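S.K.: Here is what each chain is made of, one letter per residue.
There are 2 protein chains.
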Amino acid sequence: MDKFRVIEVKQSIFENNDKQAEELRKELKEQGVYLLNLMSSPGSGKTTTLSRTIEALRDEMKIGVMEADIDSDVDARTIEQLGAKAIQLHTGGMCHLDADMTRQGIENFGVDGLDLVILENVGNLVCPAEFDTGASKNAMVLSVPEGHDKPLKYPLMFSVCDVVLVNKMDVLPYFDFDMEKCKEYVHMRNPKATVIPICAKTGEGMEQWFDWLRREVAQWNA
Amino acid sequence: MDKFRVIEVKQSIFENNDKQAEELRKELKEQGVYLLNLMSSPGSGKTTTLSRTIEALRDEMKIGVMEADIDSDVDARTIEQLGAKAIQLHTGGMCHLDADMTRQGIENFGVDGLDLVILENVGNLVCPAEFDTGASKNAMVLSVPEGHDKPLKYPLMFSVCDVVLVNKMDVLPYFDFDMEKCKEYVHMRNPKATVIPICAKTGEGMEQWFDWLRREVAQWNA
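Residue numbers (my numbering), protein chains in the order written: chain A, 72 to 293; chain B, 72 to 293.
Mixed in with the good hints there might be a few duds.
Unchecked claim - Straight-line distance between alpha carbons at most 27 Å, and here's what the computed DSSO-like set of lysine-lysine pairs gives: (1) A:Lys252 <-> B:Lys97; (2) A:Lys272 <-> B:Lys272; (3) A:Lys156 <-> A:Lys97; (4) A:Lys133 <-> A:Lys100; (5) B:Lys156 <-> B:Lys208; (6) A:Lys272 <-> B:Lys252; (7) B:Lys156 <-> A:Lys254; (8) B:Lys156 <-> B:Lys100; (9) A:Lys156 <-> A:Lys208; (10) B:Lys272 <-> B:Lys156; (11) B:Lys254 <-> B:Lys133; (12) A:Lys263 <-> A:Lys208; (13) B:Lys254 <-> A:Lys272; (14) A:Lys97 <-> A:Lys252; (15) A:Lys263 <-> A:Lys252.
Claimed, not checked - Quick list of simulated restraints, FRET-style, between CB atoms: (16) B:Leu243 <-> A:Gln279: 26 to 34 Å; (17) B:Lys100 <-> A:Glu126: 54 to 62 Å; (18) B:Arg129 <-> A:Asp282: 46 to 54 Å; (19) A:Lys263 <-> B:Gln290: 52 to 60 Å; (20) A:Asp282 <-> B:Glu251: 35 to 43 Å; (21) A:Glu131 <-> B:Pro262: 42 to 50 Å; (22) A:Glu126 <-> B:Asp241: 26 to 34 Å; (23) B:Lys100 <-> A:Glu94: 51 to 59 Å; (24) A:Arg129 <-> B:Pro262: 36 to 44 Å; (25) B:Gln152 <-> A:Glu275: 30 to 38 Å; (26) B:Glu131 <-> A:Lys263: 45 to 53 Å.
FYI, nobody ran anything at the bench for these hints, they're computed from the structure.
Keep in mind that this is a model prediction, so the values were computed, not measured.
Yeah, the Cβ is synthetic: ideal placement off N, Cα and C, and Gly gets one too.
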């Protein structure tokens, strides 16, 4: 029934991950494929955000999704039901993807003709931040229930992300979440980061996020 | 001003973590110190749960807290303000604690005379589950906003935990969280796990959790 394949990606044998990442990024640039590495904690709403993004942009650009997960295929099923090309990457217990694992995924997936590939990384604020995957840019979803202090506790994640989507804005009244402090802490880690408050469920703020992605994909192919 | 110390724990040189863990557990048993390894995602409410636990039990038993964090000391400050003995363990970017890192913490902390030591592990559902810390038991906090599907996506974490606290029950009406499914999925991973719905903020379910801890500490010293 399911069209998407499940690929077991193996831990890289390469010592120099940064070099592998640069090579992959260069090749994708030549192919005109923009790769977005999307990271977050478990349960922040990455898959819902992704679903709404596909629905909004699928008529403008060709989108593929690589879902990394330790061993389930819940997310690839969800994405495929939206009509997007999807593949599930199983990391076999590994807590992150590196550049070579990403390359294994890309090569199995086949990205020819795609404009935008979104890599949904393993839900984890620590390890994925340590490995350049070869993505064009890094994005993360931080949800309101997690709290505004997360950039203080997971500094590397926030310093490597170009855009931080603050999701679940619909439940803001029920949590002690200070958006100004959140922005201040994110900018302590990365002064250039774009912070966009969103609610994937209600659509709040999503246009700003779609515009960010549209600009990025257009510039990559310029 | 701050009385707690900050210890930089170094990655273990030991290959056999399980053996190191067994030795530490045995030594702590002889000293009559119950060590609870508390794990969760970032922002699930571990520190608030811990704070309420200390307030409830501090007159019955002597409690110490070891806060593991990548590099902040937000949590140790919070705990110390409750009058509990606290120490901050900095992992220097490491995403988990192993048995030797826990031992470094224990030895610097000084657990003599303590009945219960709670190790607040790094906020991460992946890596901490892979390393036995030498704790008497493992507990985790899963918060309602994270979703009931987490045991499907992070199987190892749920299979190593003896008790799962489902926190933030006060916001249940605002999320699509199915408690029955959550229990079913947890028990798929670990049929013996105790699942306790709580709200650290309002106190809901906390007595059941305190009773679980009281029984555990009493049995450890029996």
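S.K.: Now, for every hint given, state plainly whether the structure supports it.
M.R.: Hints, one by one, checked against the model:
At roughly 45 Å between alpha-carbon atoms, Lys252 (chain A) and Lys97 (chain B) are farther apart than 27 Å, so this suggested pair is violated. A distance of roughly 25 Å separates the Cα atoms of Lys272 (chain A) and Lys272 (chain B); the hinted pair therefore holds under the 27 Å criterion. Taking the CA atoms of Lys156 (chain A) and Lys97 (chain A), the gap is about 23 Å. The hint holds against a cut of 27 Å. In summary, the hint linking Lys133 (chain A) to Lys100 (chain A) is supported, as the alpha carbons are separated by about 15 Å, within the 27 Å threshold.
Distance restraint check for Lys156 (chain B) and Lys208 (chain B): the Cα-Cα separation of roughly 20 Å lies within the 27 Å cut-off, and the hinted pair is therefore satisfied. Between Lys272 (chain A) and Lys252 (chain B) the alpha-carbon distance is near 22 Å, which keeps this suggested pair within the 27 Å criterion. Distance check on the hinted pair: Lys156 (chain B) and Lys254 (chain A) sit about 33 Å apart at the alpha-carbon level, beyond 27 Å; violated. With a CA separation close to 20 Å, the supplied pair Lys156 (chain B) and Lys100 (chain B) stays within the 27 Å bound.
The suggested pairing of Lys156 (chain A) with Lys208 (chain A) holds, with an alpha-carbon distance near 20 Å, which does not exceed 27 Å. With a CA separation close to 22 Å, the supplied pair Lys272 (chain B) and Lys156 (chain B) stays within the 27 Å bound. Simply put, Lys254 (chain B) and Lys133 (chain B) have alpha-carbon atoms about 32 Å apart, too far for the 27 Å limit, and the pair is violated. Proposed proximity of Lys263 (chain A) and Lys208 (chain A) is supported: the alpha carbons are some 13 Å apart, at most 27 Å.
For the hint linking Lys254 (chain B) to Lys272 (chain A), the alpha-carbon distance of about 25 Å falls within 27 Å, and the restraint holds. Our distance criterion of 27 Å between C-alpha atoms is broken by Lys97 (chain A) and Lys252 (chain A), whose separation comes to about 37 Å. As the CA atoms of Lys263 (chain A) and Lys252 (chain A) are separated by approximately 16 Å, the hinted pair is consistent with the 27 Å bound. Checked against the hint of 26 to 34 Å, the C-beta distance between Leu243 (chain B) and Gln279 (chain A) comes to roughly 30 Å, which is consistent with it.
Checked against the hint of 54 to 62 Å, the pair Lys100 (chain B) and Glu126 (chain A) passes, with Cβ atoms roughly 56 Å apart. At about 52 Å, the CB distance of Arg129 (chain B) to Asp282 (chain A) agrees with the hint of 46 to 54 Å. At about 54 Å, the CB distance of Lys263 (chain A) to Gln290 (chain B) agrees with the hint of 52 to 60 Å. A C-beta distance of roughly 41 Å is found between Asp282 (chain A) and Glu251 (chain B), which places it inside the suggested range of 35 to 43 Å.
Our hint of 42 to 50 Å for Glu131 (chain A) and Pro262 (chain B) holds, since their Cβ atoms are close to 49 Å apart. Distance hint check for Glu126 (chain A) and Asp241 (chain B): the Cβ-Cβ separation is about 32 Å, which falls inside the suggested range of 26 to 34 Å. Lys100 (chain B) and Glu94 (chain A) have their C-beta atoms about 52 Å apart, which keeps the hinted 51 to 59 Å range intact. Under the hint 36 to 44 Å, the C-beta atoms of Arg129 (chain A) and Pro262 (chain B), about 42 Å apart, fit the expected range.
Checked against the hint of 30 to 38 Å, the pair Gln152 (chain B) and Glu275 (chain A) passes, with Cβ atoms roughly 36 Å apart. One distance hint, 45 to 53 Å for the beta-carbon pair Glu131 (chain B) and Lys263 (chain A), holds here, with the actual separation near 51 Å.
Hint violations for this structure: numbers 1, 7, 11 and 14, all remaining hints satisfied.
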